[in-house]
Amino acid sequence: MGLDIVLLALLTWYGFKGYKKGIVQVLFSAVAMIAATLGALKLSGKISGYFFQKNSDISPWLPVLSFILVFSAILFLVFLISKTIDSSLKKIRLGWLNRLAGMALYILMISFVFSTVLWIGDKVNLIKPETKSASLTYPFIAPIAPRGFELFGTVLPFVKSSYAEMEALFDKVDQHLPE
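If you want this note's numbering, it's the 1-based position in the sequence shown plus 732.
It cannot be assumed that every hint is accurate.
What the hints assert, rightly or not - Label pairs and their in silico Cβ distance ranges: (1) P889 to I737: 31 to 39 Å; (2) K864 to L812: 36 to 44 Å; (3) F783 to L832: 14 to 22 Å; (4) V887 to S804: 20 to 28 Å; (5) V738 to F808: 19 to 27 Å; (6) A767 to R879: 17 to 25 Å; (7) P861 to L797: 17 to 25 Å; (8) L797 to T863: 15 to 23 Å; (9) M733 to F783: 29 to 37 Å.
Claimed, not checked - Result set (SDA-like, lysine to any residue): computed pairs, CA atoms no more than 20 Å apart in a straight line: (10) K774 to V756; (11) K753 to V810; (12) K774 to P878; (13) K774 to G853; (14) K749 to S843; (15) K864 to P875; (16) K753 to I839; (17) K774 to L888; (18) K778 to A900; (19) K749 to V810; (20) K749 to I766; (21) K855 to V845; (22) K778 to L888; (23) K904 to L888; (24) K864 to V845.
Keep in mind that the hints were calculated from the coordinates and are not lab data.
Backbone N, C-alpha and C define an ideal beta-carbon position, used for all residues, glycine too.
Model the full assembly from the supplied sequences, consistent with the hints where possible.
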């Protein structure tokens, strides 16, 4: 139930934000989210792997922290670029359709990111089975990221290999965690 409340809060917040911004600004945000997620998947496995080689007493949080760090850095860089481009597009006004489309796209994006966080949390055993079974939305939200990465992998092959690298790293981390 806790996951459902967090998801509902995120969907409400980002749905409102998307409605307020409109599709033009949300598209730039979508590019930033996708680039940050894919880049973080590609690079966080390498960063976590590097620290894992240096210290076998790895914290289960290391893959999550590596992902968040790389995700945030890429998101910030794309945000700077998008602000520059967005300033030249301020004159475009699509009215209510612009706002509704922005809301729908933001809800889709936050669902993908939340699903990615659930996937990582599940792989390092941070999400208890009771939490998953108590959630009404987990069965619907959890598969979004793996399916999305599979789809992205057909277009961008490095995504498929990055996904496999992260899976292997999570298996290594799981072997070193106390039971």
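Evaluation of the provided hints:
In this structure the supplied range 31 to 39 Å holds for P889 paired with I737, their Cβ-Cβ distance being about 38 Å. Taken as a hint, the range 36 to 44 Å holds for the pair K864 and L812, whose Cβ atoms sit roughly 37 Å apart. Separated by about 44 Å at the C-beta atoms, F783 and L832 break the suggested range of 14 to 22 Å. For the hinted restraint 20 to 28 Å between V887 and S804, the CB-CB distance of approximately 24 Å keeps it satisfied.
Taking the beta carbon of each, V738 and F808 are about 23 Å apart, inside 19 to 27 Å as hinted. The hint said 17 to 25 Å for the Cβ distance between A767 and R879, and at roughly 19 Å that hint holds. The given range of 17 to 25 Å is respected by P861 and L797, whose C-beta atoms sit roughly 24 Å from each other. Distance hint check: the CB atoms of L797 and T863 are about 21 Å apart, consistent with the given range 15 to 23 Å.
Distance hint check: the CB atoms of M733 and F783 are about 34 Å apart, consistent with the given range 29 to 37 Å. Under the criterion of a C-alpha separation no larger than 20 Å, the hint pairing K774 with V756 is inconsistent with the structure, at around 27 Å. Between K753 and V810, the direct Cα distance comes to roughly 17 Å. Compliance with the 20 Å bound is thereby established for this hinted pair. For the given pair, K774 sits about 15 Å from P878 by alpha-carbon distance, which is consistent with the 20 Å threshold.
Only pairs whose Cα atoms come within 20 Å are accepted, and K774 paired with G853 is accepted, the gap being roughly 17 Å. A hinted pair counts as satisfied when its Cα atoms are at most 20 Å apart, and K749 with S843 qualifies at roughly 14 Å. A threshold of 20 Å between alpha carbons decides the hint, and for K864 with P875 the separation of about 13 Å falls inside it, so the pair holds. Among the hinted pairs, K753 with I839 is consistent with the structure: their alpha-carbon atoms are about 13 Å apart, no more than 20 Å.
Distance restraint check for K774 and L888: the Cα-Cα separation of roughly 11 Å lies within the 20 Å cut-off, and the hinted pair is therefore satisfied. Note on K778 and A900: the hinted pairing holds, with a Cα-Cα distance of about 12 Å set against a maximum of 20 Å. Taking the CA atoms of K749 and V810, the gap is near 18 Å; set against the 20 Å cutoff, the hint holds. A threshold of 20 Å between alpha carbons decides the hint, and for K749 with I766 the separation of about 18 Å falls inside it, so the pair holds.
At most 20 Å may separate the alpha-carbon atoms for a hinted pair to count; K855 and V845 meet this at roughly 15 Å. Taking the CA atoms of K778 and L888, the gap is about 18 Å. The hint holds against a cut of 20 Å. Of the supplied pair hints, the one linking K904 and L888 is violated, its CA atoms being roughly 26 Å apart against a limit of 20 Å. For the hint linking K864 to V845, the alpha-carbon distance of about 17 Å falls within 20 Å, and the restraint holds.
In this structure, the earlier hints numbered 3, 10, 23 are contradicted, and the remaining ones agree with it.
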